[in-house]
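Trainee: What follows is the residue order along each chain.
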Amino acid sequence: MNLEAVIVGAVIGVAVGWLARRWLAAARRRKEGGCAGGCGCTDKLKPKR
Amino acid sequence: MSSPDAGLLVALVGNPNTGKSTLFNALTGLRQRVGNYPGVTVSRKSGTCDLGDGQKVELVDLPGLYSLAAASPDEQVVIDALSGNIAGDRRPDAVVMVVDATNLLRNLFLASQVAELGLPLVLVLNQADVAKEQGLRIDTELLSRRLGGVPVILTSAWKGEGIPEVRRGLAEALSRRTPMKRVVWPTDIAGALADVAQAASTDTGKAISAADAQRLLFDTNASTAERLGWTLERREKPVRSARERVRNSGYNPMAAEPLVHYAQLRVALDGVVAEGLGKAGRTAAVDRLLLHRVLGPVLFLGIMLGFFASVFWLAKFPMDWIQLGVDWTKGVVAPPLEPYPMLQSLVADGILGGVGAFLVFLPQILILFLFIGILEDSGYMARAAFIMDRLFSWCGLNGKSFVPMLSGFACAIPSLLSTRTIEDPKARLATAFVVPFMSCSARFPIYALMCAAFIGPLYGPGWESLVMVGMHCVGLVFAVPTAFVLTRLVLKVKPQPFVLELPRYQMPKPRDVVWRMWQNAAEFVSKAGTVIFAITIIVWALSYFPRDASVAERIRAEHPTESAEKVKARVQAAYVEQSYMGRFGKAIQPAFDPLGFDWKITVGVLASFPAREVIVSTLGVTYSVGEGAEADSQDLRKAMQDAKWTEGPRTGSPIFSLAAVLALMVFFALCSQCGPTIATLAQETGGWKWAAGSFVYMTTLAWIVSMAVYQFVIRLT
Numbered sequence: 001m002n003l004e005a006v007i008v009g010a011v012i013g014v015a016v017g018w019l020a021r022r023w024l025a026a027a028r029r030r031k032e033g034g035c036a037g038g039c040g041c042t043d044k045l046k047p048k049r
Numbered sequence: 001m002s003s004p005d006a007g008l009l010v011a012l013v014g015n016p017n018t019g020k021s022t023l024f025n026a027l028t029g030l031r032q033r034v035g036n037y038p039g040v041t042v043s044r045k046s047g048t049c050d051l052g053d054g055q056k057v058e059l060v061d062l063p064g065l066y067s068l069a070a071a072s073p074d075e076q077v078v079i080d081a082l083s084g085n086i087a088g089d090r091r092p093d094a095v096v097m098v099v100d101a102t103n104l105l106r107n108l109f110l111a112s113q114v115a116e117l118g119l120p121l122v123l124v125l126n127q128a129d130v131a132k133e134q135g136l137r138i139d140t141e142l143l144s145r146r147l148g149g150v151p152v153i154l155t156s157a158w159k160g161e162g163i164p165e166v167r168r169g170l171a172e173a174l175s176r177r178t179p180m181k182r183v184v185w186p187t188d189i190a191g192a193l194a195d196v197a198q199a200a201s202t203d204t205g206k207a208i209s210a211a212d213a214q215r216l217l218f219d220t221n222a223s224t225a226e227r228l229g230w231t232l233e234r235r236e237k238p239v240r241s242a243r244e245r246v247r248n249s250g251y252n253p254m255a256a257e258p259l260v261h262y263a264q265l266r267v268a269l270d271g272v273v274a275e276g277l278g279k280a281g282r283t284a285a286v287d288r289l290l291l292h293r294v295l296g297p298v299l300f301l302g303i304m305l306g307f308f309a310s311v312f313w314l315a316k317f318p319m320d321w322i323q324l325g326v327d328w329t330k331g332v333v334a335p336p337l338e339p340y341p342m343l344q345s346l347v348a349d350g351i352l353g354g355v356g357a358f359l360v361f362l363p364q365i366l367i368l369f370l371f372i373g374i375l376e377d378s379g380y381m382a383r384a385a386f387i388m389d390r391l392f393s394w395c396g397l398n399g400k401s402f403v404p405m406l407s408g409f410a411c412a413i414p415s416l417l418s419t420r421t422i423e424d425p426k427a428r429l430a431t432a433f434v435v436p437f438m439s440c441s442a443r444f445p446i447y448a449l450m451c452a453a454f455i456g457p458l459y460g461p462g463w464e465s466l467v468m469v470g471m472h473c474v475g476l477v478f479a480v481p482t483a484f485v486l487t488r489l490v491l492k493v494k495p496q497p498f499v500l501e502l503p504r505y506q507m508p509k510p511r512d513v514v515w516r517m518w519q520n521a522a523e524f525v526s527k528a529g530t531v532i533f534a535i536t537i538i539v540w541a542l543s544y545f546p547r548d549a550s551v552a553e554r555i556r557a558e559h560p561t562e563s564a565e566k567v568k569a570r571v572q573a574a575y576v577e578q579s580y581m582g583r584f585g586k587a588i589q590p591a592f593d594p595l596g597f598d599w600k601i602t603v604g605v606l607a608s609f610p611a612r613e614v615i616v617s618t619l620g621v622t623y624s625v626g627e628g629a630e631a632d633s634q635d636l637r638k639a640m641q642d643a644k645w646t647e648g649p650r651t652g653s654p655i656f657s658l659a660a661v662l663a664l665m666v667f668f669a670l671c672s673q674c675g676p677t678i679a680t681l682a683q684e685t686g687g688w689k690w691a692a693g694s695f696v697y698m699t700t701l702a703w704i705v706s707m708a709v710y711q712f713v714i715r716l717t
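Top to bottom, those sequences are chains A and B. Per the numbering used here, residue 1 is the first one in the first sequence, and the count goes up by one each step. Per the numbering used here, residue 1 is the first one in the second sequence, and the count goes up by one each step.
Note that these hints are calculated values from the structure, not bench results. Where hints are given, some of them may not hold.
[Unchecked claim] To give a feel for the contact side, a few chain B residues facing chain A, derived at Cβ under 10 Å: (1) 339; (2) 346; (3) 536; (4) 537; (5) 675.
For glycine and all other residues, C-beta sits at the position ideal for the given N, C-alpha and C.
Excised from the complex, chain B in its bound form:
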């Protein structure tokens, strides 16, 4: 990628869900994540955009926002970026303002505020295809003239239409340096703005821009004043007096800004949009069904059940093929290493046993993200958030909390970052605290392993998907009361209205869905080849050493009449039990005994605290080493089905009883087992207090609930 000429910087700004990231990808050739719901971009992303005439500029994709009155941290990022107040970044040379072509009036409010910054601007009316479908005809030339001659371009970024025109428009804006026409303030408001600018300038010794003066006069939050170093004591009197002047002119100072902007925008848009006959009612008709008070949640549950059933059904055969591939590789690699038993065990039991057990779940991960991509891109995910809000709003969470909570079902880390869209710091904290309860995709392999090995074979395939949905709900069931206690009793968060914008339905774009699948598959495989691979080797070493030859001699002496094969199996099992891992697991196991976990599961649980998906590879290693590399090839599922207690009151009974299987899944659903999540929580909450609290709370809760499940189910079965 070549670097931008002359260091020109262009900012991409717009309301949430107007297709900024799609346009950014089209202009830069990058592949930033896009989604059909608001709040996808929560931090600054940049790339190089070729303007077509050989000139290159750096294009920055900023988070979506509705106005320049910064209420949340991500909105503050945009304002700081546009004002050149981000350390290491300069002020942009131009702005590409992306607006929804189907909703010009509301979208142009932000454009009109950005115009106050005086930067050259290109107005991109995106989603032109949808506007056309709705029968809207937009006179871009007339709009351009009304807005002071800025280039106005119709695009459909996801179809790649209008992209060359945007490049040309940007080149034109940069050469002609055309700003958008500014709003004309009524005399008294203009006077109040001048008073505030004068007072701020006198107190701070800085030149105050028109945009800053507006923020100081119209906003209730103090971010602009703090940035300018205008203290509360100094600003209180002049700001109050300026607001009084606005009030005396007949405007509410808190509402004056949108009222004036909208009044002038209505004039600018007069005759610009011609409405014909279109399909505007289609989304509303579908929403009447999908968002119905009773039918909506029922359909949502049905969609989720179908979703997980399809994941199991479609992934079954590819999973078997991968297992066959792993077994075949073991069969090829192990025999030549026969003279070197230690090396043979490392390769066959450790690396292939552990990494293979993890890789088997690749097809399910792929299909999982295929469906998530389809649900997101079609616009249904935002409806799901709406339905969830109706079901759980009583717990006191901010309406905006549901987007991070929903995306927490994929991964908690970007979800914790996306809590930055929440204005109220207390609501943000409460949301960040409960996000790790959402059942992320790292929990998926352990659920899938347990369902495939025990629930499916015992109760049939229908139960697999039902248990899967249930496990994804366990986190929610505990997140809601936790949020209730936090928001109502501990943090005392003020209730906020739900502000999620419902996007229109659209056909998912195969390229984006496949790209999402590819990204997640690559991440999964890369994890298998790096972190899981390294941890597997360590777990193998701890399960293999020490190897005292006297153990084998003792077993042989104790069982002189048994066949060589049986004695070999006993020796392997004895070696694992006296290994470092075996000794450690047995020492800790009493703490997990009330949950029905044997020492091997205990070891798996402990090894999974840095990353929960490690459980599968750890079980893969401990069960492979226990069987011995020479044993008949059998996958982890079979080995677990055959595992029995060898000591204590449960001797001879299966380790993985229904009670233990459910307890293990519940433990993983609730326990805080992800190092990066805890670190991100500390980063986002500004210290380790809440992160440590979350770890202790979730882990204790997981132990208690898992124990209750085991004790209850064991008495029933």
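Isolated chain A (complex conformation):
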């Protein structure tokens, strides 16, 4: 297997893994009664710069 295929395979693997992890985390948050996510409403409290 050449380096090009390894790099492309790794990029695809990371993308799939990251999306799966994100969806699992959202499902866990929902189970705990938190925001289902997607709107960013839980991240909007930020200190003034």
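Once you've looked at the hints, dock chain B against the given chain A.
Mentor: For chain B alone, kept in the frame of chain A given last:
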């Protein structure tokens, strides 16, 4: 951020739209969302407030409410928070009561109820600038004395005036522990309250506070009794008998509480407010025009048309600059990767083609939220809700439904959360079911793409904004009959009066409007850099693989006389068609054929079920891969304009005909394509039944209406 000393907790309480969130931001230095319409805060938010003497307290911003008689879930949050009945939260050590300085009597009713909790209290008379404009002069010292010596402070939170005084007042209230003067009940009502407290205490074995006794006697809902564990069988007789005692003293038990409070508040306010000459009539004069039965809706439509026309007009040049930037990046990045065609295609067609196609809409999103911010902060959005209520109230929705429905035009998720302001659970359910029909900002990129690529060039810029307004109305047109059937026939919701408080007009505050734009832009860019980026890579991989070398050989053998460039284009197209995505799209495409969608649009539609904005990047990838990284740089709009059917009875005709463009937009306007919305709907309705029902209903409706639009328009054109 340092943590609060000694864990002191202070609750910020007040009527809706009195500026609590603005005061909260000013006291904590945080940036919670504020809006010039009621119901912005629907859950508990907290931050650290420095009292100026080195002492720090945790400040909690609670949803606005008019009285402690909890009727809706968000009001219950306030009552639970003030009573220390929220798991993991303690009872507050003090209350900052925010009241509208221009309407003291009505606002002080809640303060007077909160006083019954016996907590140290600071009374903040906010919007002092408006009171001054209206010619009102308030004697805060006299009011403080009349209310038992609690600190009374005039502020204008949005101007930052009076904030240090609030910090000092809070420090003073916490050290002196001064509660507000409680109402003095007439003898029989006091006796009835004592009877209820005694009976509840005997039955439950718990000490009953004065505030709880009042809720048990005066409220028709059972939330306090349920919290105390006082069952219906045990409480029915003593509560009825106590209410009878109130009735015998000449008061209606359901009206006794406000009557007694208001009578004593009128005495407390006597001589406190001096009225001079002011501009109180300005809002009323503007409202006579904007809320006029005929002119109001016409002006509303005009404002919306102007709004979308400005979005297109102002965003045109920045969009072209971003497209140029994406093309330039492709030009720089692609050539060095020439020896590695797979990697080159991933970077140029996949990442830059997909994410670039999505990012191009950033200027429109920015301008969209600039206008939404101006409309909200100026106070017009609440008027829009009022106009919509008059137009659509026949569908049986609760008056309070219009705020979630209106905010659904930005995003369905916070709108679903804001349905918690609706008291009637059935009305709340009906509203939550129709909120996803509202045309959220995630639908905007697909409308904008179609309008910019087809409607504008074909019919002129005026039609772009008209179609845009039309698409934003499609959801409403179907939401109204859906709500009608749900409220009148399925859930049988009792009609409720419209209770939205109209805020006064004000000049939008640039800081808040810019902050809203910044938040949405950051969210849009972050989505492009995360979810869209990851999905783009997967869509690219599915559109690129497998790459069988025999395909290229076959094409070359079939077209020996064609130029190398033409053969290359044929090879690229053949590769995409035999890719996993191509095979899948072609297998599913017959289901979408009556809607005029080819297999690439079909793939885009299917990829958009988790999040509808994915359509743009998916089309960006499938059209880029089809063209090949070496092809002349052209944006997605141009690629779509050139796309033609290559097989079937429509061979040679444009894929994106007017009929297909309208059908695609209508499909996106009506289809349930947002995973987080469906999950939130399940969360808010307490199960998956309604969420699954919403998904099936919206998706089926989208298919049917989109098919009807395509078949109708294709016969006309």
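Trainee: Can you give the numbers of the hints that this structure goes against, from lowest to highest?
Mentor: Violated hints: none; all satisfied.
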